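*Asks:* Model the placement of chain B on the given structure of chain A, informed by the hints.
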Amino acid sequence: MSVAFTSIKGTTFYNSRKAYAGFNLLTPIEGEGVWLIDMMGELVHYWGMGYRPGCYGELLPNGHLLYQGKIDSSPLAHLEGAGGILLEADWQGNVLWEYRDPYLHHAFYRMENGNTLVLKWIVVPNGIACNLKGGFSNCDDSEEVWSDCIQEIDPDGKVVWEWIGHDHLDPEVDEICPLCPRTTWTHANACVECPNGDILVSFMKTNTLAIIDKKNGHVKRRLGSGEFTHQHSPNILDNGNVLVFDNGFHELYAPNVMSRVLELNPNDGTIVWCFGESNERHLFYSSTMSSCQRLPNGNTFICEGTWGRIFEVDQGGELVWEFVNKFPSFDASPTESKSSPVYSAYRYGLDYSGLSRSIRKVGQRQISPAAAKRDDETAQSRSEIAGY
Amino acid sequence: MTINVARTALKGVTFHNSLKTNRGFTLFCPYGYSPFTDACTDVWLIDMDGQIVYRWPMSYLPGLHATLLPNGHLLYPATTKSPAERKAPVEAGFIGYGDAVFEYDWDGNLIWEVETPYQHHDVLRLSTGHIMYPSQGEPAGLIPGQVAAKWKGGLHGTEVDGTKMYSDIVHEVDREGNSVWDWNMYEFLDPELDAMCPLEKRTEWHINSLWQCRDGSILVSVRNMSQILKVDYPSGKVIARYGRGQISHQHDARELDNGNILCFDNGPHRYGYEPSYSRVVEIDPDSDKIVWQYKAPLASDFYSGVTSGAERLPNGNTLICDSVPGRIFEVTCDGELAWEYISPFMGDRKDANTYGGKMFRAHRYPYDYPAFKGKDLDPANFPWENRLFGPSAWKKNFSPCIF
Numbered sequence: 001m002s003v004a005f006t007s008i009k010g011t012t013f014y015n016s017r018k019a020y021a022g023f024n025l026l027t028p029i030e031g032e033g034v035w036l037i038d039m040m041g042e043l044v045h046y047w048g049m050g051y052r053p054g055c056y057g058e059l060l061p062n063g064h065l066l067y068q069g070k071i072d073s074s075p076l077a078h079l080e081g082a083g084g085i086l087l088e089a090d091w092q093g094n095v096l097w098e099y100r101d102p103y104l105h106h107a108f109y110r111m112e113n114g115n116t117l118v119l120k121w122i123v124v125p126n127g128i129a130c131n132l133k134g135g136f137s138n139c140d141d142s143e144e145v146w147s148d149c150i151q152e153i154d155p156d157g158k159v160v161w162e163w164i165g166h167d168h169l170d171p172e173v174d175e176i177c178p179l180c181p182r183t184t185w186t187h188a189n190a191c192v193e194c195p196n197g198d199i200l201v202s203f204m205k206t207n208t209l210a211i212i213d214k215k216n217g218h219v220k221r222r223l224g225s226g227e228f229t230h231q232h233s234p235n236i237l238d239n240g241n242v243l244v245f246d247n248g249f250h251e252l253y254a255p256n257v258m259s260r261v262l263e264l265n266p267n268d269g270t271i272v273w274c275f276g277e278s279n280e281r282h283l284f285y286s287s288t289m290s291s292c293q294r295l296p297n298g299n300t301f302i303c304e305g306t307w308g309r310i311f312e313v314d315q316g317g318e319l320v321w322e323f324v325n326k327f328p329s330f331d332a333s334p335t336e337s338k339s340s341p342v343y344s345a346y347r348y349g350l351d352y353s354g355l356s357r358s359i360r361k362v363g364q365r366q367i368s369p370a371a372a373k374r375d376d377e378t379a380q381s382r383s384e385i386a387g388y
Numbered sequence: 001m002t003i004n005v006a007r008t009a010l011k012g013v014t015f016h017n018s019l020k021t022n023r024g025f026t027l028f029c030p031y032g033y034s035p036f037t038d039a040c041t042d043v044w045l046i047d048m049d050g051q052i053v054y055r056w057p058m059s060y061l062p063g064l065h066a067t068l069l070p071n072g073h074l075l076y077p078a079t080t081k082s083p084a085e086r087k088a089p090v091e092a093g094f095i096g097y098g099d100a101v102f103e104y105d106w107d108g109n110l111i112w113e114v115e116t117p118y119q120h121h122d123v124l125r126l127s128t129g130h131i132m133y134p135s136q137g138e139p140a141g142l143i144p145g146q147v148a149a150k151w152k153g154g155l156h157g158t159e160v161d162g163t164k165m166y167s168d169i170v171h172e173v174d175r176e177g178n179s180v181w182d183w184n185m186y187e188f189l190d191p192e193l194d195a196m197c198p199l200e201k202r203t204e205w206h207i208n209s210l211w212q213c214r215d216g217s218i219l220v221s222v223r224n225m226s227q228i229l230k231v232d233y234p235s236g237k238v239i240a241r242y243g244r245g246q247i248s249h250q251h252d253a254r255e256l257d258n259g260n261i262l263c264f265d266n267g268p269h270r271y272g273y274e275p276s277y278s279r280v281v282e283i284d285p286d287s288d289k290i291v292w293q294y295k296a297p298l299a300s301d302f303y304s305g306v307t308s309g310a311e312r313l314p315n316g317n318t319l320i321c322d323s324v325p326g327r328i329f330e331v332t333c334d335g336e337l338a339w340e341y342i343s344p345f346m347g348d349r350k351d352a353n354t355y356g357g358k359m360f361r362a363h364r365y366p367y368d369y370p371a372f373k374g375k376d377l378d379p380a381n382f383p384w385e386n387r388l389f390g391p392s393a394w395k396k397n398f399s400p401c402i403f
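Protein sequences appear in the order of chains A and B. Residue 1 is where the first sequence starts when you use our numbering, and the numbers rise one by one after that. Residue 1 is where the second sequence starts when you use our numbering, and the numbers rise one by one after that.
Think of the hints as simulated: they come from the structure by calculation, not from any bench. Incorrect hints may appear among the rest.
Covered by chain B, per the in silico footprint, the following chain A stretches (three or more residues, Cβ under 8 Å) [claimed, not checked]:
no.: 1; region: 7-13
no.: 2; region: 303-317
no.: 3; region: 352-358
Everything numeric in this text was worked out from a predicted model, so none of it was measured. Glycine included, C-beta positions come from ideal geometry on N, C-alpha and C.
Only chain B is shown next, with the shape it has when bound in the complex:
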């Protein structure tokens, strides 16, 4: 029984302007919701009509999103341990820890795995085949007391055990799992320039995305500082800061082909008194100014306070994962809606806490993406899944329930 009929009545693809979309298949992974008893969650691949064309059942929760590699393999960071087993000293105020990264082939066979202790949120596959991930809560991340005391912002008195603050460490590991590069962020940040959001606990800084730019540097999105860092690789020096004072608790910072930076600006702790809203912004790195944005016509109609992401598609459209209400949608560069999909995989299953069914990010792969070459993507291969969750399962028109 829902507490909101008006916003839950429609599911699946609710809008599609096929003249405007950048067509392809959409990959997403609900957090801890599977309709099937043998899976902990599923990675779903759907077509533009919302038909299920592929499904990878998973036995572990995601940590936090799956990506389809060009060779057709699926990269899947996973939560394999309980919080007690992980022994992270930072109270897990968020879900999103992973302990290992798995690579599966198209048929779901495990090809490769590597232990990634304390990993959280994101895993980046580099062109060298290495992976890079943020970690949090490991002993090396403990910020020395003198440094922590100097740090500006946050709510004083909320530190772990009253005094301790943890920084994130970005690790790069090779195919054999050997650590080849570590970036302990507090060593490179500035207590004044990198002050924390005034309404966050002084326990952790919370990296939530990594992206490698064409010049080799790394874009690091730091949620609790509401800013994006550009980090020189391999020296680790912070060479630029973006978004400070303009964005709030953003996610998914990435470099576009034009050199600008796209990110999902969540907005829970914006300064001022405008009703909560999210937006997707494109920032010019030279001026640190917002040069493009997508906001809903009534801004508060689009709001996801946590998680979420956005990616620029080849035709200039933007695919947005509006995570909290379980919506994936595509807008043109003029901000016109081109496609909208409401995930039917929402609810509380598999110990998913209150995040049941939300997906951290969604990805759109065009039809000519190499991973699909020679693959059978006929929705008829998934008849039962489609009967329950495909287009025919949803009513197109709403009729009120009055009795």
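Only chain A is shown next, with the shape it has when bound in the complex:
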């Protein structure tokens, strides 16, 4: 344990002039629910979901929380990112919709048409499994290999579209990282609907992002080619670019200890923006989990998963807000201090439709006109806690 690195929790830094004010939603992996906090790190709301996360929850524009829980009895519960139950709950936590499938894992995506994209594991036929390249096997070669299936589920729980990984992936091209076990082939950890209807998927073990044609299932494009490793949380920006968290785990040559957040041009994979190339690379690293989000004012909101650190940087990479997870239980005793990992986090602006009006008022007070005024008078204000 470390006193210096794990004993500081809560909001540690807030530049109210540059940050994009709002509320932060986070799902600690050790808990059974989702926390909404304000910019000062104070708890605003908690949804207890009764299931450990598999892996996160998010707040929909209609004010409902969509959450995947982990079913411990599911046959693949031992795999990283295993889920099994999708729950949609209102503000009070009443479950309004539920969808179960023991093979669900990692991610889901609520589409424009109200349907939901889900990821699930599916067995790779033997004929294909034996041709897979890369990875290592744990002595028992007879073990099943699981690839990914993406399904679109309608509100009645009916599967209306399906994409089966091993029908469209190429064992020659989609090679498993040599340090990863062959129990799973691609190990998807995110799926998103593109504006043109294509599906963007993150394949963690092959270090690629793939764009899938919704009509025929073809893999139209693969992004990656050694540029990032074991990435998470791709999302499509308003300018059409893709923002992704490059964990940097199992990286080639292992010279550095760092993660990055990359903005990629989806047409040629070039990097158009990057956070994490600073001279303090080691201060930003999460080998697994993690998320990133571009905010309306151009800032980037990042969840450094293993450390449970959530922070916001401006376009120049300057830190403008930082919070270290203090939930579910922060023991103040320094001999017990350790990090509380968070799978992913989201920032919702004060005008987000999913937030109730009364909550927004709490947020408004934190924009802190007093602090802004003080800044005009004196730039060096390292003041006491502003707000309420």
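*Replies:* Okay, now just chain B, sitting in the frame of chain A:
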């Protein structure tokens, strides 16, 4: 302006349980960071409170760590040449080359020096007064093409000029600088048994520590093979291999008094999908099993993917240099934290690349270590250094910065 307030706010000694520590002075040498304009870097000696009790300013970067000899002299391998002057054919993918080893007395006077071309990472002082060091990139280290082609592991196609792979050579030189023993490792290794890590370039093997055991054999830590070799001296035969499949890119392998082997298991290229973590392991050489380890309560809270080291202290505690974040800490045999120090000498100075301020290893010398006999170790001798970097320079409690 830092990108991480929570992990940089506290500096200096952040924890000390004086009932549990093996007290003494701690020596460390930041890589290429000195707050003083006349030095390239400094070797620092601090007490248990983090007070600076001695400082040796250095005009060259370390290659890679300083040791205090029992007679009070400082052994300091140094980088005196630029990469271009050194003409090493292996792309310097790491920092850590040295070109000469210096021995200074307590007052900083140069007592002895020897040229050590292509030296890197470690220098071992033998009881005979000779030194032993690994070298890399010299022409003799070029592995013959047929042998290199047979070598297992690594990323094919990454060889130097497409085909060349270099082995390390361990040299022993006497006080006059004459070479008395050379061990060219590829002649003694096995292309199957000594396969490389699958995610490393097939350019070099990367020894990062040497240690002489009581029976005279040499422990050699080879990073890119993720294993420790026990090499018979002087025949050079590999008599044992430790850690394969259990450790990853380890550093600082050393024999303990109980005969076990202690090393810092960095862990960047572990098999599987556990979040990155480092640990310190003690391996029983007879069974090649791990018999003791230190991991953080949440394993990923302690991770240094490169460099670092660990040493067993007389009372059974272990001093750990968690190099990348600049932390030196001491744990009891039960894994309880006894002492923690965060180096304030971090940042980019003196062309230190991204390694600015990290220290390769740290050493704890007990109060009764002969080197300290008759020495004035009053922190008051370093008032300015202590005002800037001593205990009074750091806030004990963190308060958030909100404006």
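*Asks:* All hints, please: hold or fail.
*Replies:* Going down the list of hints, with the structure as the test:
Under a criterion of three residues with beta carbons nearer than 8 Å to beta carbons of chain B, the stated coverage of the region 7-13 of chain A is upheld, 7 such residues being counted. Counting residues of the region 303-317 of chain A whose CB falls under 8 Å from any CB of chain B gives 6; the rule of at least 3 is met. By the rule of at least three residues with a Cβ nearer than 8 Å to a Cβ of chain B, the coverage given for the region 352-358 of chain A is violated, with 0 such residues.
Violated hint for the displayed structure: number 3, the only one.
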